[in-house]
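Chains as they are written, first to last, in the working numbering: chain A, 1 to 426; chain B, 1 to 432.
If you are wondering where the hints come from, they were derived from the structure by calculation, not from laboratory data. We treat Cβ as the ideally placed atom computed from N, Cα and C, and that holds for glycine. One or more of the hints may lead you astray.
List time: in silico DMTMM-like cross-link candidates among lysine to aspartate or glutamate, alpha-carbon distance up to 25 Å [said to hold, decoys possible]:
| # | chain 1 | residue 1 | chain 2 | residue 2 |
| --- | --- | --- | --- | --- |
| 1 | B | Lys34 | B | Asp321 |
| 2 | B | Lys302 | A | Glu393 |
| 3 | B | Lys34 | A | Glu393 |
| 4 | B | Lys34 | A | Asp224 |
Derived CB-CB ranges, DEER-like [claimed, not checked]:
| # | chain 1 | residue 1 | chain 2 | residue 2 | range |
| --- | --- | --- | --- | --- | --- |
| 5 | A | Arg162 | B | Arg349 | 23 to 29 Å |
| 6 | B | Arg317 | A | Pro57 | 39 to 45 Å |
| 7 | B | Ala348 | A | Thr125 | 32 to 38 Å |
| 8 | A | Arg342 | B | Pro239 | 31 to 37 Å |
| 9 | A | Asp206 | B | Val344 | 44 to 50 Å |
| 10 | A | Arg5 | B | Glu345 | 53 to 59 Å |
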Amino acid sequence: MSFERLENPLGEPLLAMTASSGLRVLMHHRPDFVGTFAAFGTNFGSVDRVGGADGQPVPEGLAHFLEHKLFEDQDGDVSDRFAELGASTNAMTGFVGTTYIVSAIDEAERCLDLLLDFVQTPWFTDELVEKEQGIIAQEIRMYDDDPDWRAFFGLMGCLYERHPVRDNIAGTVESIAEIDAATLQRCYDLFYHPSNMCLALSGPLDPERVLALVEADQAPRGTDAAPRHRRVDGGEPPQRRLERFDMELPISRPRWLMGIKERDTGGAGEAVLRRELATRVLLDILFGRSSAAFESLYAEGLIDETFGVSHTAEASFGFSTLGGDCDDPGALQARVMDVFERARREGLDAQAFGRVRNKLYGGLLRAVDSPENVAYSLISDCFRGSRPFASVELVEQLTLDELMRRLEEHVHDEAIATAVIRPASA
Amino acid sequence: MVRPVPTSSLAASSAFVVLDGPGGLPVHLLRTRKFKTVALSWALECPLDERRAARALLGDLLTRGTASHPGLADLSARCDELYATDLGGSVGAHGPLQLVKFSMVTLADRYAEGLDLFRQASELLSEAVHEPPLQEGRFRRDHLEQERANLVRAIEGLADDKGHWALRRMIETLHADTPYGLHSWGTAEEAAALDEAAVHSTWDDLLTSAPGRLFVVGDVEEEQALEAAERLGRSVPRPEPAQRLPLPEQIARAPLRVTEAEDLSQSKLVLGFRLPESAVRSPAATTFATVFGGGSHSRLFKRVREAESLAYGCGARMLHDSGTLVVQAGIDASSAARVEELVVEELARLAIEPVSDDELQLSKRAQSRRLRSLVDHPRALGGFRLAQLLAGRPHELPDAIAAAEAVTAADVMEIAAAVRLDAVYLLEGTAT
Numbered sequence: 001m002s003f004e005r006l007e008n009p010l011g012e013p014l015l016a017m018t019a020s021s022g023l024r025v026l027m028h029h030r031p032d033f034v035g036t037f038a039a040f041g042t043n044f045g046s047v048d049r050v051g052g053a054d055g056q057p058v059p060e061g062l063a064h065f066l067e068h069k070l071f072e073d074q075d076g077d078v079s080d081r082f083a084e085l086g087a088s089t090n091a092m093t094g095f096v097g098t099t100y101i102v103s104a105i106d107e108a109e110r111c112l113d114l115l116l117d118f119v120q121t122p123w124f125t126d127e128l129v130e131k132e133q134g135i136i137a138q139e140i141r142m143y144d145d146d147p148d149w150r151a152f153f154g155l156m157g158c159l160y161e162r163h164p165v166r167d168n169i170a171g172t173v174e175s176i177a178e179i180d181a182a183t184l185q186r187c188y189d190l191f192y193h194p195s196n197m198c199l200a201l202s203g204p205l206d207p208e209r210v211l212a213l214v215e216a217d218q219a220p221r222g223t224d225a226a227p228r229h230r231r232v233d234g235g236e237p238p239q240r241r242l243e244r245f246d247m248e249l250p251i252s253r254p255r256w257l258m259g260i261k262e263r264d265t266g267g268a269g270e271a272v273l274r275r276e277l278a279t280r281v282l283l284d285i286l287f288g289r290s291s292a293a294f295e296s297l298y299a300e301g302l303i304d305e306t307f308g309v310s311h312t313a314e315a316s317f318g319f320s321t322l323g324g325d326c327d328d329p330g331a332l333q334a335r336v337m338d339v340f341e342r343a344r345r346e347g348l349d350a351q352a353f354g355r356v357r358n359k360l361y362g363g364l365l366r367a368v369d370s371p372e373n374v375a376y377s378l379i380s381d382c383f384r385g386s387r388p389f390a391s392v393e394l395v396e397q398l399t400l401d402e403l404m405r406r407l408e409e410h411v412h413d414e415a416i417a418t419a420v421i422r423p424a425s426a
Numbered sequence: 001m002v003r004p005v006p007t008s009s010l011a012a013s014s015a016f017v018v019l020d021g022p023g024g025l026p027v028h029l030l031r032t033r034k035f036k037t038v039a040l041s042w043a044l045e046c047p048l049d050e051r052r053a054a055r056a057l058l059g060d061l062l063t064r065g066t067a068s069h070p071g072l073a074d075l076s077a078r079c080d081e082l083y084a085t086d087l088g089g090s091v092g093a094h095g096p097l098q099l100v101k102f103s104m105v106t107l108a109d110r111y112a113e114g115l116d117l118f119r120q121a122s123e124l125l126s127e128a129v130h131e132p133p134l135q136e137g138r139f140r141r142d143h144l145e146q147e148r149a150n151l152v153r154a155i156e157g158l159a160d161d162k163g164h165w166a167l168r169r170m171i172e173t174l175h176a177d178t179p180y181g182l183h184s185w186g187t188a189e190e191a192a193a194l195d196e197a198a199v200h201s202t203w204d205d206l207l208t209s210a211p212g213r214l215f216v217v218g219d220v221e222e223e224q225a226l227e228a229a230e231r232l233g234r235s236v237p238r239p240e241p242a243q244r245l246p247l248p249e250q251i252a253r254a255p256l257r258v259t260e261a262e263d264l265s266q267s268k269l270v271l272g273f274r275l276p277e278s279a280v281r282s283p284a285a286t287t288f289a290t291v292f293g294g295g296s297h298s299r300l301f302k303r304v305r306e307a308e309s310l311a312y313g314c315g316a317r318m319l320h321d322s323g324t325l326v327v328q329a330g331i332d333a334s335s336a337a338r339v340e341e342l343v344v345e346e347l348a349r350l351a352i353e354p355v356s357d358d359e360l361q362l363s364k365r366a367q368s369r370r371l372r373s374l375v376d377h378p379r380a381l382g383g384f385r386l387a388q389l390l391a392g393r394p395h396e397l398p399d400a401i402a403a404a405e406a407v408t409a410a411d412v413m414e415i416a417a418a419v420r421l422d423a424v425y426l427l428e429g430t431a432t
């Protein structure tokens, strides 16, 4: 087994291999860098709530709980062992994946070995689960006081009827109370199979030594096929569930967040990535800092530097968000809808399209300077089934016609919801 | 044992040259082809005085339009054309100083199809700083009013991030009536009162008399960096930049206690400690803070989170520029007294029992990794160098690493013994 060089639009030194266990390994070889950044991800996130072919439910917040618990094994806290090697470690759970990371300079090979080892050696006891429930409950309470977090999940709850993207990634104090060691083990066995995982590295390690290390780790894990599991319990209607979410918190200014639910879900690989890029370019042309809309809304005081737009596309769900601090959410929403309407009538500015493509290209190149960004994007590409740095080529292929089609497909009144967090009345 | 630091390779990848720029503006240049980007930052030094709100306003006002790209959209479009060149204007507090930074990040010329991107981007930054879209010699009224309103809102919005707000309130309590307790944006009242005359004269003074340094990291020749310095500094003679900023005077008193209530799910406890100047300036201060509360291997994490499950996070860090050690935790209000008790107990233990060699080495390794990894992060390199220069600490990376390596268990114990609890702030969550 050996690394193969992965051709990519940026000509970056990317290497790839698939171990006998099914684990995919991707490496950005940077001999001129001092540190190694490694990310070990599993294609299991908060939206994976149907466990196994029998359809047994996965409790809300389980993927995140599992992430916490893997850091503790029979010998104690794994973070301590990384610290002994001079490394730092962390993990994060998202909608579609859980990623464990390590940042190391000395002993990078041992750190890589430890990363592989601890993620693949679970140790769950009810006593430790109970202790973790208290810690995660504090984490949930921290998010409860965060207006941006509340606005986001308030919005998701309006957009989605059934899809678990509507639920808080960390779960609720009540839902995590239902988790026990047996449930953790059942979900671990389902979703942490090597063929459902990806290891991505960026740094100066010798690729041959990485290869030997991964092979030594993976060979004993066998070649059994991964247990079957389904990602989504379908049935999500195309329209929003509710038009609006309102809440009061002790803050100084209202937060306004508008969401547009993707109705055109499905597809795989670069089709999903292309949908995401096309929608981002569309939104940037219409609402980016160089747009006429941004300038006039800013001049009128309806938006400020906090205003931003984004789009997330996955195979089973997708959404755009637009928002920021705003004293008059109603007026801003009406103006945003006017901008969409005008673009429908008058089309998009070709010059702006060229500029935004330039900007995206610059941004993609800039991101390659960060080993962390590279490792995360390699994992996303792997799970999505797209080529590394494919965005650079796809952005070049986009056309104005395609963006107009996106506008027609994506922006519909019945797919739009808003969340408003207002300052609590005294 | 900690492995010997490979100082030769580290020295090579962090070897700034200091050029004497036009008007005496020091230019700290790290020439490297390692990155795809070039980062430039011009850091100007001002007192944290009554004009701080005006300078905070200038950071935003000057980067929203230029004479030849007067509108926000015009200037942003120009940045897009220059491959997402990022222009920035910001202020921050550093000890008794307000640092005003004008910065840019752009792609290295070799990625921009033959464009001399660094020259064009630095010209754009220079135009933003020196040639705003004036009308009859005055800042445009609409721009000024919008940015003033935004600044007032931003200052009021500081209270919305409860973790940061609790820290701010503790700092204001501990450093009351000194520059060390002031926010670099000023108060909402000060910002609301700004008029054209005040902002204009502050702009004039900033560009003609504030000392500063220019940092450039990337694939840039010395001549190009000096040309950028000329464009930004305009060869105006300036005083020498600060070398070793003063620290707050020592005060011995019973800890000040402030509790404020809000309708929150989680309470925020922030403890502020003072250290004498000798301790703040010692390399052991960082080692001590790391042992005490710097990460998952620290005393506070082990005790407060792992042993007693009282918090999702509990950590300590040194604010070197104000000589303050800060401990923060997000907790249930009912646990506040217990968490404070644990923090004080762990501190007392560190003052009387030498840390084990294992614990000391763990902290040193963490510090060493943080310092050495700076060479992989172009923007962080300039920021680290500036902070070290202002603190009078070793600013060459190998020297800073060597200083940290030399810290002993006795040094850490000495720091712990010198730390004094001075302010306890609790933002009490009252949500049911």
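Hint check results:
1. B:Lys34 <-> B:Asp321: violated, 31 Å
2. B:Lys302 <-> A:Glu393: Since the Cα atoms of Lys302 of chain B and Glu393 of chain A sit roughly 48 Å apart, the hinted pair is violated (cutoff 25 Å).
3. B:Lys34 <-> A:Glu393: holds, 24 Å
4. B:Lys34 <-> A:Asp224: violated, 42 Å
5. A:Arg162 <-> B:Arg349: 23 to 29 Å: Roughly 53 Å apart at Cβ, these two residues miss the hinted range, so it is violated.
6. B:Arg317 <-> A:Pro57: 39 to 45 Å: Cβ of Arg317 of chain B to Cβ of Pro57 of chain A: about 42 Å, so the range 39 to 45 Å holds.
7. B:Ala348 <-> A:Thr125: 32 to 38 Å: At 33 Å between Cβs, range holds.
8. A:Arg342 <-> B:Pro239: 31 to 37 Å: Check failed, 53 Å falls outside 31 to 37 Å.
9. A:Asp206 <-> B:Val344: 44 to 50 Å: holds, 48 Å
10. A:Arg5 <-> B:Glu345: 53 to 59 Å: Holds - the Cβ-Cβ distance for Arg5 of chain A and Glu345 of chain B, about 56 Å, lies within 53 to 59 Å.
In terms of the numbered hints stated before, the structure departs from hints 1, 2, 4, 5 and 8, listed from lowest to highest.
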